[in-house]
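With the sequences and hints as input, model every part of the structure.
Here UniProt numbering is used: position 116 in the sequence shown is 116, and no number is missing along the way.
Derived by calculation from the structure, the hints in this document are not laboratory data. Treat the numbers as computed from the prediction; the structure is a model and nothing was measured. Heads up, a few of these hints could be off.
Below, a list of computed lysine to aspartate or glutamate pairs in the EDC-like style, where the Cα atoms sit at most 20 Å apart [unchecked claim]:
# : residue 1 : residue 2
1 : K71       : E12
2 : K71       : E23
3 : K71       : E37
4 : K71       : E103
5 : K71       : E10
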Amino acid sequence: MPQYAVLIFERETPGGVADIPPEVMRAHEELPGRIAELGGRVVAGLALEPSTTATAIRGDLLTDGPFIETKEALAGVFVIEARDLDHALALARLTPIVSGGVEVRPLIGFQILEPS
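Next up, the structure:
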């Protein structure tokens, strides 16, 4: 099945993950099961530390903070398998969000690299 990245964008809060309501955290934990019930599959998922922990690289210049400044920061990403883009969009709509949204992008040649 084709694979899609679901990028989660949220408005950052001072307490980070601690400020996410418990029901939203629970919904994130239940998301793989809900996606499977609809014929998709979560392949991988990552939550990101706050954007204040980022270091941006532009050529030889290193700067503290995110690459770009936005109202919402990239909070996490997960990879799903879906029949097609419409199916991926339907599955991505299940993503629990406090104040933000998600972006869905098809993946090209996704593979898991095993250490040799």
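List in ascending order the numbers of the hints, as given earlier, that are violated by the structure. Violated: hints 2, 3.
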